[in-house]
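> Residue strings, one per chain:
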Amino acid sequence: MTELNEILLEVKDLKTHFHTKHGVSKAVDGIDFTLRKGETLGIVGESGCGKSITSLSILRLIPSPPGKIAGGQILYKGRDLVTLPDNEMRKIRGNDISMIFQEPMTSLNPVIPVGEQIAEAIRLHQKMSKKEARLKAVDMLKLVGIPSPEKRAKQEPFQLSGGMRQRVMIAMALSCNPEVLIADEPTTALDVTIQAQILELIKELQARLGMGVMMITHDLGVVAETCDTVAVMYAGNIVEHASTQNLFDDPKHPYTRGLLASLPKIDEDRDELYTIEGSVPSAYNMPVGCRFASRCEFAQAVCLEKKPDLIEQSDGTKVRCWMYSDEWAGAKPTEEVFN
Amino acid sequence: MKIAEEKKVLLEVANLKQYFSVKKDSIFKPKTYVKAVDDISFVVNEGETLSIVGESGCGKSTTGRSILKLDEPTGGKVIYAGRNLVDLSRKEMRDLRGDLQVIFQDPFASLNPRQTIKQILTEAMTIQQSVPKPLQKDRMAELLNLVGLPTEALNRYPHEFSGGQRQRIGIARALAVDPKLIICDEAVSALDVSIQAQILNLLKKLQKQFQLTFLFISHDLSVVRHISDRVMVMYLGKIVEISDKKDLFDNPLHPYTKALLSSIPATNPSIKNERILLKGDVPSPINPPSGCRFHTRCPFAADRCKTEEPALRELEPDHFVSCHFAEELAQ
Amino acid sequence: MLMFILRRLVQTIPVIFGVTIVVFIIMQLVPGDPAVLLAGEGATKETIEALRVQLGLHQPLYAQYIDYVTNIFRGDLGTSLKNNQPVLDEILIRLPITLELAIISTFITVVLGMAAGIISAVKPYSIIDTVVMILALLGISLPSFWFGLMLMYGFSVKLQIFPVAGWDSMAHIVLPAFTLGAGGAAIVARMTRSSMLEVIRQDYIRTARAKGVKERVIIYKHALRNALIPVITVVGLQFGALLGGTVLVESIFAINGLGRMIVDSIRMRDLPMVQGGVLVASLVFVVVNLLVDILYRFFNKRIELN
Numbered sequence: 001m002t003e004l005n006e007i008l009l010e011v012k013d014l015k016t017h018f019h020t021k022h023g024v025s026k027a028v029d030g031i032d033f034t035l036r037k038g039e040t041l042g043i044v045g046e047s048g049c050g051k052s053i054t055s056l057s058i059l060r061l062i063p064s065p066p067g068k069i070a071g072g073q074i075l076y077k078g079r080d081l082v083t084l085p086d087n088e089m090r091k092i093r094g095n096d097i098s099m100i101f102q103e104p105m106t107s108l109n110p111v112i113p114v115g116e117q118i119a120e121a122i123r124l125h126q127k128m129s130k131k132e133a134r135l136k137a138v139d140m141l142k143l144v145g146i147p148s149p150e151k152r153a154k155q156e157p158f159q160l161s162g163g164m165r166q167r168v169m170i171a172m173a174l175s176c177n178p179e180v181l182i183a184d185e186p187t188t189a190l191d192v193t194i195q196a197q198i199l200e201l202i203k204e205l206q207a208r209l210g211m212g213v214m215m216i217t218h219d220l221g222v223v224a225e226t227c228d229t230v231a232v233m234y235a236g237n238i239v240e241h242a243s244t245q246n247l248f249d250d251p252k253h254p255y256t257r258g259l260l261a262s263l264p265k266i267d268e269d270r271d272e273l274y275t276i277e278g279s280v281p282s283a284y285n286m287p288v289g290c291r292f293a294s295r296c297e298f299a300q301a302v303c304l305e306k307k308p309d310l311i312e313q314s315d316g317t318k319v320r321c322w323m324y325s326d327e328w329a330g331a332k333p334t335e336e337v338f339n
Numbered sequence: 001m002k003i004a005e006e007k008k009v010l011l012e013v014a015n016l017k018q019y020f021s022v023k024k025d026s027i028f029k030p031k032t033y034v035k036a037v038d039d040i041s042f043v044v045n046e047g048e049t050l051s052i053v054g055e056s057g058c059g060k061s062t063t064g065r066s067i068l069k070l071d072e073p074t075g076g077k078v079i080y081a082g083r084n085l086v087d088l089s090r091k092e093m094r095d096l097r098g099d100l101q102v103i104f105q106d107p108f109a110s111l112n113p114r115q116t117i118k119q120i121l122t123e124a125m126t127i128q129q130s131v132p133k134p135l136q137k138d139r140m141a142e143l144l145n146l147v148g149l150p151t152e153a154l155n156r157y158p159h160e161f162s163g164g165q166r167q168r169i170g171i172a173r174a175l176a177v178d179p180k181l182i183i184c185d186e187a188v189s190a191l192d193v194s195i196q197a198q199i200l201n202l203l204k205k206l207q208k209q210f211q212l213t214f215l216f217i218s219h220d221l222s223v224v225r226h227i228s229d230r231v232m233v234m235y236l237g238k239i240v241e242i243s244d245k246k247d248l249f250d251n252p253l254h255p256y257t258k259a260l261l262s263s264i265p266a267t268n269p270s271i272k273n274e275r276i277l278l279k280g281d282v283p284s285p286i287n288p289p290s291g292c293r294f295h296t297r298c299p300f301a302a303d304r305c306k307t308e309e310p311a312l313r314e315l316e317p318d319h320f321v322s323c324h325f326a327e328e329l330a331q
Numbered sequence: 001m002l003m004f005i006l007r008r009l010v011q012t013i014p015v016i017f018g019v020t021i022v023v024f025i026i027m028q029l030v031p032g033d034p035a036v037l038l039a040g041e042g043a044t045k046e047t048i049e050a051l052r053v054q055l056g057l058h059q060p061l062y063a064q065y066i067d068y069v070t071n072i073f074r075g076d077l078g079t080s081l082k083n084n085q086p087v088l089d090e091i092l093i094r095l096p097i098t099l100e101l102a103i104i105s106t107f108i109t110v111v112l113g114m115a116a117g118i119i120s121a122v123k124p125y126s127i128i129d130t131v132v133m134i135l136a137l138l139g140i141s142l143p144s145f146w147f148g149l150m151l152m153y154g155f156s157v158k159l160q161i162f163p164v165a166g167w168d169s170m171a172h173i174v175l176p177a178f179t180l181g182a183g184g185a186a187i188v189a190r191m192t193r194s195s196m197l198e199v200i201r202q203d204y205i206r207t208a209r210a211k212g213v214k215e216r217v218i219i220y221k222h223a224l225r226n227a228l229i230p231v232i233t234v235v236g237l238q239f240g241a242l243l244g245g246t247v248l249v250e251s252i253f254a255i256n257g258l259g260r261m262i263v264d265s266i267r268m269r270d271l272p273m274v275q276g277g278v279l280v281a282s283l284v285f286v287v288v289n290l291l292v293d294i295l296y297r298f299f300n301k302r303i304e305l306n
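First to last, the sequence lines map onto chains A, B and C. Okay, so the first sequence: first residue is 1 according to the working numbering, each after it adds one. Okay, so the second sequence: first residue is 1 according to the working numbering, each after it adds one. Okay, so the third sequence: first residue is 1 according to the working numbering, each after it adds one.
No wet-lab data here; the hints were simulated from the structure. No incorrect hints appear here.
Below, a list of computed lysine-lysine pairs in the DSSO-like style, where the Cα atoms sit at most 27 Å apart: (1) A/Lys-91 to A/Lys-203; (2) A/Lys-68 to C/Lys-214; (3) A/Lys-15 to A/Lys-68; (4) A/Lys-203 to B/Lys-279; (5) C/Lys-123 to A/Lys-91; (6) A/Lys-136 to C/Lys-214; (7) B/Lys-205 to A/Lys-265; (8) A/Lys-307 to A/Lys-12; (9) B/Lys-245 to B/Lys-77; (10) B/Lys-208 to B/Lys-245; (11) B/Lys-204 to A/Lys-265; (12) A/Lys-68 to A/Lys-91; (13) C/Lys-123 to A/Lys-68; (14) B/Lys-279 to A/Lys-151.
In this text the structure is predicted, and so the values were computed from the model without any measurement.
Same shape as in the complex, but just chain A (with noise of 0.2 Å):
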């Protein structure tokens, strides 16, 4: 058996920056993180939180210009990704680190039968004849659960639903045996009853192959259903880094919190949700203290002053926010403040 705790990805003070007319914009701006062997890490935030640019970094597939990666390490098995040459980085992509995105509709070429964009996948990678790869494509639909698969391999993706594109998107990105997952929010764009189905699919292979999955998502629900570890994103840094179930009991970072207290619940009546006043700061233009504080209830002159470093828990959570350190003399939130 192989070790389960390798460490496959370790992300070391990544930044990735966009230089633009208006100035440059730090969308994601220093985050660390690693993703062991058959682990599931869930990179979770709201829209412009830096999630997405970051799973698109480390495959850098960050459209350059505008955008650069301006500092940090991104490790994959100790070597920097990083600082990779173009063509050894090509080797990487898709053999072992692969990616699913979110819009099934529009992430597979229109005019090119599906079978072949698997095989074309499979041929990149491995030495394989283009009959060899076209039957192995055949067996991945079959894998990821496509019905007739031979049928559906010479289709083009128009002849197919959502769902079954996503399972395309899947058997492509699995078909070579990668380390490493990323699932940038890959049920978004789907029905509940075919989410779902995918998620279940994710969870069942990942158990079968042992990879490590990255799951980037906005929806909370799915960070609950499918992974280990998650860390909480917001205005490019990570605010809170902590197992899943301590995150759903005990949530730390008053963003969080929030966020958690603002989800309507499906098995719980309220009048009225939380909300979380205000909005994210500019990109391009980041406070010097805690990027929350001009929205968090409980700032004080600190957070605006200097920001938050993360700081270790007991239970092991990770949060950036200065009410967990021992400098802290303000009053710590009640439960009830999110209620």
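Place chains B and C on chain A using the hints.
The following block gives chains B and C in isolation, referenced to the frame of chain A:
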């Protein structure tokens, strides 16, 4: 909150049908139709929020559009204030538009980008003649205040606002004409969670303040649970279940409703739901399955389901379901 | 697909009738009596009248039209007033020359235009892109008669690489075909560039990159096939414009093609010849449009569903 007094019906929909013809691929084949909404009947009570949920292609948005005659219904009746909207002329309908307003998913697409917020609101009030000219200015300030926007917003253009703020503008425009019923078509679906919470709270507040009735169309069951009084579940153009919210969520009777509810990811990892995983995709509404339209994906389907279409029947007080085996499955 | 081709074929029938009506009416509107013209100066009234009867000009308009159309279906486009030869014979001699010119020009339009467009799109806003786009702008703006004359002056008179005029060898074809194709190539280049830039931004290109596909393969396999779909339509339209252009180019380079025949016939008031020439040119255009539609459909199967 239960209202003790007799509920007053605001809008009644009877045998509503909305078919769209499909382009033929051969002149020898008969003309085919997408039966987007196929013979549905329900009522909307005054002051309540009735939600329509279902997956894409179930006909929930089409239902909303048909009621407002944004698409001319193929058949059936929509009775509002004693009149059948389906029979009304364009002009007669225009007089009623003030009572019946709509808020869409993408507020940006429904706001004219070349008009300032002031022009947008003035136009709405002028067309419906809901507010006399001299009072319009005060009314606008009041509206913005109601939806939580600063008065400075009046002279700005839609693109200068964020998604949540635009939805507030859409709500202000709907309110400008003193509506009775607002159809919210996926009104919060495109918003981030924290913004969604703000808009949901706003809608609830306004409903209380102005005794509004909402027909709330959404695919998001958690949102529906939060905002509704009653819920109607649709599948392939048919109503499969309709009932009081609490009954529907705590005691769903239709297998589709059960599967739908069990598909929602729980927002707590400790709760592991027994999941009913439906097989396959929703069939095409061009050629829907015979009998019960859900039988191709139903884990409990029997021969009878393939041939005989189940009627919507009242199984429990105010709890309607269209399934042959609802009694057996309830046990 | 077969159904579509059949339907499109049926749709061309009214178009063809429309063309005959328009051609017929235009010729009626041309001032001057062809009988007078044909009889020559000093002809007696009786001679002219006899000619009118011979040409059928004494009949009412609709009868003339019916005659005209019936004759077309018999393969009879009339007789040239100038040399008494059947119009169809004359056209059949000229048409292949014009078609050859048009096809080679289209080839230049497509190959040169797409190549330039792709080169531009691969490195947008680079120096190469700027140069190509300036050339394309010139190609669109310069009138072809001037451009043709400049080519003739440069390559035939000064450098003496290509013959000045005529239509005997491959060398004769180069300058007129280039003159005729340049404008289209410029339009196709701009279209290809914008279409490629649009396609390169699509999600499926990102997917291809995420698979580890080489940038060159992404351009030629994944992007180009999608980018060409709108370009096909433009090429089809260009072919029509090109047919019109042959009139000018054939005159400049003294080529005995259909275009020049029409111009000469107009000058001679050789009505049947003009009618026949315009009719055949229009039919060629209708057929080309049909082919383009079918090709477009073939490349873009998705529209079949909608």
